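Student: In numbering that gives the first Met the number 0, the protein residues as written are 0 to 229.
The set of hints was computed from the structure by calculation and includes no laboratory data. All values derive from a computational prediction rather than experimental measurement. Treat the hints with care, as some may be off.
The calculated label-pair distances, taken between Cβ atoms and stated as ranges, are [to be verified]:
id, residue 1, residue 2, range
1, 27, 126, 37 to 47 Å
2, 182, 43, 40 to 50 Å
3, 89, 120, 13 to 23 Å
4, 129, 226, 19 to 29 Å
5, 98, 204, 36 to 46 Å
6, 201, 169, 17 to 27 Å
7, 43, 82, 12 to 22 Å
8, 46, 86, 20 to 30 Å
9, 179, 80, 41 to 51 Å
10, 129, 48, 28 to 38 Å
11, 46, 101, 18 to 28 Å
Okay, derived cross-link-like pairs now, BS3-like style, lysine-lysine, Cα gap no bigger than 30 Å in a straight line [claimed, not checked]:
id, residue 1, residue 2
12, 6, 138
13, 101, 90
14, 45, 66
15, 181, 216
16, 136, 70
17, 28, 4
18, 70, 45
19, 66, 216
20, 6, 181
21, 66, 90
22, 4, 169
23, 136, 66
24, 20, 169
25, 132, 90
For glycine and all other residues, C-beta sits at the position ideal for the given N, C-alpha and C.
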Amino acid sequence: MFRGKMKAITFSYDDGVTQDKRLVDIFNKYGLKATFNINSELLGRKNQLVREGVTVEHNKLSPSEIKDIYKGHEVAVHTLTHPNLTQLDEKEIIRQVEEDRKNLESLVGYDIVGMAYPCGGTNNNDYVAEVIKNNTKIKYARTITSAHNFDMQDNLYRFNPTVHHGEWDKVFELAENFINLKADKPKLFYIWGHSYEFDIHNTWNEFEEFCRFISNKSDIFYGTNRDVLL
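Produce the complete structure using the sequences and hints provided.
Tutor: Written out as structure tokens, the structure is:
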């Protein structure tokens, strides 16, 4: 159970970009909680990405901003420099995860126990998960594979989210199903993405409507990834 409730909703957002400021404001407005996965060695860097033919800003927050911006939420590991961990040896996997964790802990002032795998495609496997489990202080790690269900999972080191926020039709369909669900065992609605993606087609208002729609339900617990998984 999630603090006495059978249903929980959590969010997970990657990269620590400046658009997270607007996203956090939305979450705070509706009483929602999220985990933000950050590459500590990339903080402060400015960049642009081309997504679906649109150029979007991909500027990283500065180290000094992290603690205040994410106050009330969770900061978690996304590796130092965003490599594909499946292409690295054990020593470098450990370094990318543990040094990122230590750097982020120094910024936020609390123990960090979670992470999200960086990169698209096949960005995790059993080997990488075992290395992280056996050699770091990480206790859960999120993949990018949508489960499209609300079932709890045994393997916290390859934890599949419910849905990516970009699957708009699916997101709202799942939300309605989750709100109407009469759960007799723990069920989790886990949404993930990158806040810069809202700039591609200016879908900020749609996402805020989604947040409004799922918020303030008396039978749902709203927590960070750490709150709901550990």
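Student: Now look at each hint and say whether the structure bears it out.
Tutor: These are the hints, each one checked on the structure:
1. Roughly 39 Å separates the CB atoms of residue 27 and residue 126, a value that falls within the hinted 37 to 47 Å.
2. Here the CB-CB span from residue 182 to residue 43 is close to 43 Å, well matched to the stated 40 to 50 Å.
3. At roughly 21 Å, the beta-carbon separation of residue 89 and residue 120 lies within the given 13 to 23 Å, and the hint holds.
4. For residue 129 and residue 226, the hinted distance range of 19 to 29 Å is satisfied, since their beta carbons lie about 25 Å from each other.
5. Hint check: residue 98 to residue 204, Cβ distance near 39 Å, so the stated range 36 to 46 Å holds.
6. For the pair residue 201 and residue 169, the supplied restraint of 17 to 27 Å holds, since their beta-carbon distance comes to about 20 Å.
7. Under the hint 12 to 22 Å, the C-beta atoms of residue 43 and residue 82, about 19 Å apart, fit the expected range.
8. The hinted window of 20 to 30 Å between residue 46 and residue 86 holds, with their beta carbons roughly 21 Å apart.
9. Hint check: residue 179 to residue 80, Cβ distance near 43 Å, so the stated range 41 to 51 Å holds.
10. At roughly 32 Å, the beta carbons of residue 129 and residue 48 sit within the given window of 28 to 38 Å.
11. A beta carbon spacing of about 24 Å between residue 46 and residue 101 agrees with the range 18 to 28 Å that was offered as a hint.
12. As the CA atoms of residue 6 and residue 138 are separated by approximately 21 Å, the hinted pair is consistent with the 30 Å bound.
13. Pair hint residue 101 plus residue 90 holds up; C-alpha atoms about 16 Å apart against a cutoff of 30 Å.
14. Distance restraint check for residue 45 and residue 66: the Cα-Cα separation of roughly 20 Å lies within the 30 Å cut-off, and the hinted pair is therefore satisfied.
15. Straight-line distance between C-alpha atoms of residue 181 and residue 216 comes to about 13 Å, which keeps the hinted pair within the 30 Å bound.
16. Between residue 136 and residue 70 the alpha-carbon distance is near 22 Å, which keeps this suggested pair within the 30 Å criterion.
17. Our distance criterion of 30 Å between C-alpha atoms is met by residue 28 and residue 4, whose separation comes to about 22 Å.
18. About 23 Å separates the Cα atoms of residue 70 and residue 45, which keeps this hinted pair within 30 Å; it holds.
19. For the proposed pair residue 66 and residue 216, the alpha carbon gap of about 29 Å is at most 30 Å, so the pair holds.
20. Between the alpha carbons of residue 6 and residue 181 the distance comes to roughly 9 Å, so the proposed pair stays at or under 30 Å and holds.
21. With a C-alpha separation of about 29 Å, the suggested pair residue 66 and residue 90 falls inside the 30 Å cut-off, and the hint holds.
22. Between residue 4 and residue 169 the CA atoms are separated by roughly 24 Å; this keeps the pair inside 30 Å, and the hint holds.
23. Distance restraint check for residue 136 and residue 66: the Cα-Cα separation of roughly 20 Å lies within the 30 Å cut-off, and the hinted pair is therefore satisfied.
24. For a cut-off of 30 Å, the pair hint linking residue 20 to residue 169 stands: about 25 Å separates their Cα positions.
25. A C-alpha spacing of about 14 Å is found between residue 132 and residue 90, which places the hinted pair at or below 30 Å, so the restraint holds.
Checked against the numbered hints given earlier, the structure satisfies every one of them.
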